[in-house]
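Visitor: Chains A and B are the protein sequences, given in the same order. Under my numbering, the first residue of the first sequence is numbered 176, with each subsequent residue one higher. Under my numbering, the first residue of the second sequence is numbered 639, with each subsequent residue one higher.
Rather than coming from a laboratory, the hints here were simulated on the basis of the structure. Take the hints with a grain of salt, since some may be wrong.
[Claimed, not checked] Here are the simulated distance ranges between beta carbons:
(1) 785/B <-> 212/A: 58 to 64 Å
(2) 319/A <-> 750/B: 37 to 43 Å
(3) 831/B <-> 303/A: 34 to 40 Å
(4) 831/B <-> 259/A: 46 to 52 Å
(5) 946/B <-> 350/A: 52 to 58 Å
(6) 846/B <-> 287/A: 30 to 36 Å
(7) 954/B <-> 357/A: 38 to 44 Å
(8) 264/A <-> 906/B: 37 to 43 Å
(9) 350/A <-> 1010/B: 21 to 27 Å
(10) 259/A <-> 1011/B: 48 to 54 Å
The beta-carbon is built from N, C-alpha and C at its ideal position, and this holds for glycine as well.
What follows is the residue order along each chain.
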Amino acid sequence: MAPLSDTETPSTDEAPQALPGDGLREGIVDDLRNRIGASLIDSHIVPNTDLTVRVATDAWAETAAALKTAGFTWFSFLSAIDWMPSPYGNGENDPTVERAPIDMTITQGTCGGETRMQVFARLTDLDRHVGITIKADVPDDAPVVDSWTRSFAGANWHERECHEMFGIGFNGHPDLRNMYLPGDFEGHPLKKDFPLLARMVKPWPGIVDVEPMPEQPEPAQDAAEGGES
Amino acid sequence: MAPTLSDRQQLSYIASQAADARLNVELETEGMTLNIGPQHPATHGTLRIIARLDGEQVVWAEPSAGYMHRGYEKLTEVRTFPQVTTLINRIDWLGSFANEVPFILAAEQLMEIEAPPRAQVIRTILFELSRIANVSLFLGDLGVQMGAITPVFLAFRDREYVLNLIEGATGGRFHPNFDRIGGLKDDLPKGWIDETKQVMKKLIAFCDEIEDLLFGNEIFQSRMRGIGVIPADIAKEYGLSGANLRASGVDYDLRRDNPVGLAWDKADWKVWTHPDGDSWARCWIRLQETRESCKIVQQLVEQIPAGPIMTKVPRIIKVPEGEAYVSTENPLGEMGYYVVSKGDLGPFRVKIRSASFNNISVTPWVLKGVYVPDIITILASLYFILGDIDR
Chain A
176 MAPLSDTETP
186 STDEAPQALP
196 GDGLREGIVD
206 DLRNRIGASL
216 IDSHIVPNTD
226 LTVRVATDAW
236 AETAAALKTA
246 GFTWFSFLSA
256 IDWMPSPYGN
266 GENDPTVERA
276 PIDMTITQGT
286 CGGETRMQVF
296 ARLTDLDRHV
306 GITIKADVPD
316 DAPVVDSWTR
326 SFAGANWHER
336 ECHEMFGIGF
346 NGHPDLRNMY
356 LPGDFEGHPL
366 KKDFPLLARM
376 VKPWPGIVDV
386 EPMPEQPEPA
396 QDAAEGGES
Chain B
639 MAPTLSDRQQ
649 LSYIASQAAD
659 ARLNVELETE
669 GMTLNIGPQH
679 PATHGTLRII
689 ARLDGEQVVW
699 AEPSAGYMHR
709 GYEKLTEVRT
719 FPQVTTLINR
729 IDWLGSFANE
739 VPFILAAEQL
749 MEIEAPPRAQ
759 VIRTILFELS
769 RIANVSLFLG
779 DLGVQMGAIT
789 PVFLAFRDRE
799 YVLNLIEGAT
809 GGRFHPNFDR
819 IGGLKDDLPK
829 GWIDETKQVM
839 KKLIAFCDEI
849 EDLLFGNEIF
859 QSRMRGIGVI
869 PADIAKEYGL
879 SGANLRASGV
889 DYDLRRDNPV
899 GLAWDKADWK
909 VWTHPDGDSW
919 ARCWIRLQET
929 RESCKIVQQL
939 VEQIPAGPIM
949 TKVPRIIKVP
959 EGEAYVSTEN
969 PLGEMGYYVV
979 SKGDLGPFRV
989 KIRSASFNNI
999 SVTPWVLKGV
1009 YVPDIITILA
1019 SLYFILGDID
1029 R
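Start from the sequences and build out the full structure, keeping to the hints where you can.
Guide: What follows is the structure in structure tokens.
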């Protein structure tokens, strides 16, 4: 029997690299701007933490290829956000009682946006230890974007999941079948206007834990008491 | 002297080879579809694998997930932030505490608060204990895929000690629900640290036992070595993480390379990699990592700082508007939560980036061309939990 340690290579003992600073993140944004030009719409750096960029819908697939050549070779995930507020509230109301109308204005988060839905994905540079979140608008009238599978084969399943959960199509995807739901399922469960039936029928018992927010916050007293016990 | 059974088998094999060569006829095979699962001992949960076979070789194979889909991403939208932890506990049910941590950290990042040092160290200890509880079951279960039963009994015996520790600290064996925004629910009980030290000695002995029993076994080696090789670029493209990535020779561990406010850097430990990328390497890396986890726990229990375990947070937690992605190195790989808050009591959207979903998505690529018995060992070595795929 061969010794167990014949091919083992314990990693090098050199000191771990310093965490990436904001200078590196700014450099990444500049590099991406050189590669895709005006398609880079907006970028946002959370100090010492994270980096988000938003690109034009047409440049969605191009961005993946550009970032892959720029060193972001590790594919983390791809999904979407539906920015419309849920017409059913947060499920914390008694469905038998009539509610006040919900404000349905759509506001997008970091890096803004113009449409109801956005796709977003995350890539990591394993050498520089830095991650990036990429966002792009999904057109309202034809919710289709290009597929990332040409650059990252791993995007295949994520796009299938995104397709069934949000109804977003992916141009160039090899096999856009449902992953979880039956093939004849109607509706897209993660869209905000897809009702969560259990909440429509009866109020959730767990909601008794939540006290209503006081009109005026009492910071001195509340903060001193500490966390929930 | 009559030939022994193995000699006779060998002779008949040689004879059949000779007959084939003489007739110059290739064996005619007929394509067939083989369904493995949804229930199979090699799957930790319910996963169905549809394999198109040519003889005994896989032409095309695809896992069909979704038997356990529970819609956690939708359910988080109708719960408050503290209530979400009860759900996400159940994603990777063998290492539950590790599931809670990245979500809590993401919420803390949005609220711009940080847990006190004592809570951070205890979190790290419990995190590593969940890793040991998770991976020790993997090490025991590994033998079952090849017909060895003993390791699984050893694993259940020694895993029990770890579960007792987790129960002693948190009150729950499987779903602790112990992590809170801003710290931890409770402090450690008296005598817990001494017991932990003893249990870690037992667990290191368990690792040695498994190494002798399984990794030194010739059958195990011949079933694992050179089977299911995943090169580094494929592993990166599919987003493999954890031991699966490091077994392909990529030296990346979030605990060392991108720690998020936990106390990994206070202990002296090592990231293991392996150049082969085969089933053997993936199992071997996990064995070494369990030892490293024991070492981390042994070192950290010696240096738990004094102080509070909970920082000041408002009684009713409202997370400010914003977006945060926080991921940690969980037992199965990188697990992260992309939390979108609109300033309400609950999250607006939570994208759960679970490790197994990416890890298992490589199977259609890696199963192409292997033989039927190897499907099982490759799946076992990729190590997934179905709750982690389906969420």
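Visitor: Provide an ascending list of the numbers of those earlier hints which the structure does not satisfy.
Guide: 6, 8
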